[in-house]
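The whole structure should be built from the sequences, with the hints applied where relevant.
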Amino acid sequence: MEINHFIDTIIENDIKSKKHKEAITRFPPEPNGFLHLGHARAIITNWSMAKKHGGHFNLRFDDTNPIKEDSMFVDSIKRDIEWLGCHWDNLFYASDYFEEMYNRAMLLVEKGLAYVDDLSNEEIRTLRGTLKEPGKNSPHRDRSIEENVKLFQAMKNGKYDDGEKVLRAKIDMSSSNMNMRDPVIYRIQRAYHHNTKDKWLIYPMYDFAHPLEDAIEGITHSLCSLEFEDHRPLYDWVVEHTKMKNKPRQIEFGRLLIANQVTGKRYIRELVEENKVMGWDDPRLITLSGLRRRGIPKKAIHNFIHSLGLPKSEGETEIEMLYQHVREHLNETAPVTNAIVEPLKLVIDNYPEDEVEYVKIPNHRRNKELGSRMVPFSKHVFIERSDFLEEKPNRKWRRLSLGEEVRLMHAYFVKANSVVKDDNGRIIEVHCTYDPETKSGSGFKGRKPNGNIHFVDGTHYKKVEIRLFEDLLKEEYEKDASFEEKVNPNSLVIKKGVIEEKMSPEIGDKFQFMRNGFYVVDKDSTDKTLVFNRIVPLRSSYKRKKRKN
RNA sequence: UGGGCUAUGGCCAAGCGGUUAAGGCACCGGACUUUGACUCCGGGAUCGAUGGUUCAAUUCCAUCUAGCCCAGCCA
Numbered sequence: 001m002e003i004n005h006f007i008d009t010i011i012e013n014d015i016k017s018k019k020h021k022e023a024i025t026r027f028p029p030e031p032n033g034f035l036h037l038g039h040a041r042a043i044i045t046n047w048s049m050a051k052k053h054g055g056h057f058n059l060r061f062d063d064t065n066p067i068k069e070d071s072m073f074v075d076s077i078k079r080d081i082e083w084l085g086c087h088w089d090n091l092f093y094a095s096d097y098f099e100e101m102y103n104r105a106m107l108l109v110e111k112g113l114a115y116v117d118d119l120s121n122e123e124i125r126t127l128r129g130t131l132k133e134p135g136k137n138s139p140h141r142d143r144s145i146e147e148n149v150k151l152f153q154a155m156k157n158g159k160y161d162d163g164e165k166v167l168r169a170k171i172d173m174s175s176s177n178m179n180m181r182d183p184v185i186y187r188i189q190r191a192y193h194h195n196t197k198d199k200w201l202i203y204p205m206y207d208f209a210h211p212l213e214d215a216i217e218g219i220t221h222s223l224c225s226l227e228f229e230d231h232r233p234l235y236d237w238v239v240e241h242t243k244m245k246n247k248p249r250q251i252e253f254g255r256l257l258i259a260n261q262v263t264g265k266r267y268i269r270e271l272v273e274e275n276k277v278m279g280w281d282d283p284r285l286i287t288l289s290g291l292r293r294r295g296i297p298k299k300a301i302h303n304f305i306h307s308l309g310l311p312k313s314e315g316e317t318e319i320e321m322l323y324q325h326v327r328e329h330l331n332e333t334a335p336v337t338n339a340i341v342e343p344l345k346l347v348i349d350n351y352p353e354d355e356v357e358y359v360k361i362p363n364h365r366r367n368k369e370l371g372s373r374m375v376p377f378s379k380h381v382f383i384e385r386s387d388f389l390e391e392k393p394n395r396k397w398r399r400l401s402l403g404e405e406v407r408l409m410h411a412y413f414v415k416a417n418s419v420v421k422d423d424n425g426r427i428i429e430v431h432c433t434y435d436p437e438t439k440s441g442s443g444f445k446g447r448k449p450n451g452n453i454h455f456v457d458g459t460h461y462k463k464v465e466i467r468l469f470e471d472l473l474k475e476e477y478e479k480d481a482s483f484e485e486k487v488n489p490n491s492l493v494i495k496k497g498v499i500e501e502k503m504s505p506e507i508g509d510k511f512q513f514m515r516n517g518f519y520v521v522d523k524d525s526t527d528k529t530l531v532f533n534r535i536v537p538l539r540s541s542y543k544r545k546k547r548k549n
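Just so you know, the first sequence maps onto residues 1 to 549 in our numbering.
Some hints could be false.
[To be verified] Straight line, CA to CA, 30 Å or less: simulated DSS-like cross-link-like pairs of lysine-lysine:
| id | residue 1 | residue 2 |
| --- | --- | --- |
| 1 | 462 | 379 |
| 2 | 111 | 19 |
| 3 | 462 | 523 |
Derived from the structure by calculation, the hints contain no laboratory data.
Predicted model only: the values in this text are computed from it and were never measured.
Laid out in structure tokens, this is it:
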């Protein structure tokens, strides 16, 4: 898919004007949670710009706050990005640069552009002012450079406790941009760091660390989301005053929000802890691991992201748009197989009892490379319960009913004659007769069937578990509904279905179930029972008409 | 009169002074079909509002309105 958005244009111009020879980008996650579909925009945008403009792409963990981070997330983030196919050229950690960052901070101190403040958290907040009122200078703002040097060294050497002192940039307490009101750039935290262990007692703040990380790595274009727009002046200030050779340019784009999906860490954790989902990789979640388990192809995610462009406006994209790309991709690549989600027995009364014949079925209508297979057919077959109604409901009904004839795809025409019901009046068997003249491929043109339905042979089949998913949140709910009330209790429906006997797929294999939808083999599958997840249903114009009537 | 950003059909989104205002999703018709799938045809907006500049504005200017972000020793 062709990429053409405002950032691409900026980069092209920078290359044309010889400002840069290439685009060097990065994705800088903090290892404190799982990646979700929204992050895919940032990952793919940064990655694709480097790829398109001949540079390279770094994965850099922004691990500057040890008390919030965990190496467990490092692994899941790496796995997800790798799965997306956004291979990084370098793997870095912000913590790799702690020494240099400290030195650059000291440089600021020596230039009189940073000072150590003894104020408490609360005092700093008070003096910072409000959105409408300017802040006031800290009483420690004008300490001598010598004193600041000593104090900052002492902070580093553990002379003070957490919170006792901070290092602040000396900028402008009256700025209308809150970020410029002498931001704290180092704080004391006696915490174990997953990477540097106990080496550091002081840690740099994002606003100071991030521009340095970018500059150190020679990032040319630092692409991030809109909420950092206000930070750009500070970003530039840091790069400018720390004598960094490379001067990266931060460019912001709008975040990708998906309508009616759960992305908040707090909510996901709640769902996980209350066992309302199977884990962080539940197929109903739009975490990247959830999408992967759901069987969403990474290609569909890339196409989805690119098709949305890169706007600066914020809106909520409907998940259907992703599904469309999923169908588009799977429709071309996934082999088609017969499977019955809700089996109903069909007995062909005039078919010989012990005979089994094999019919040839292509694995894909257009893609001949996927080959074909021989499928058994006998007196007893399963059809989809929804493909039979005793009485034809309307003229549009193109399935089986009593007195109606349909084609069992790739086999014969069958005409339904009677039904057998259980004590509750539920149909458990349909009896029919077939017409040997109508064998598929025979060229029979005598009459037209009332539709085509598929089947799985009733003597050669495998029982499987099929999981159907709906959105985790209800489609509609009261405006002030609590999260609990929004959760859709029917988001998971488990069916006992049957598939062709010869199928022996592996976890992650994707198929189209004929006339039904796309499915993937779930990791919960065992040697005894395969478990299929419905990725997305096939579109159906029938349902729409039905709803109308 | 704190600062920054955004505003095009139900949803997303092109367009950057002269276009019949792209395209996708969704929706509604119809054709085709041994997947009611795929594919193919057809259907809808005057561009947040109001004023201005101009021969000409969705595109420039002004004002207004609405929404989002910013007062972590989070990122």
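(request) Measure nothing beyond the straight line between the CA atoms of residue 462 and residue 523; if it is 30 Å or shorter, mark the hint as holding. (result) Judged against 30 Å, a Cα distance of about 18 Å means the pair holds.
(message) Between the alpha carbons of residue 462 and residue 379, is the straight-line distance 30 Å or under?
(response) It holds: about 17 Å lies between the C-alpha atoms, which stays within 30 Å.
(message) Check the hint pairing residue 111 with residue 19 against an upper bound of 30 Å on the C-alpha distance.
(response) Holds, at roughly 29 Å.
This entry satisfies every hint, going by the numbered hints stated previously.
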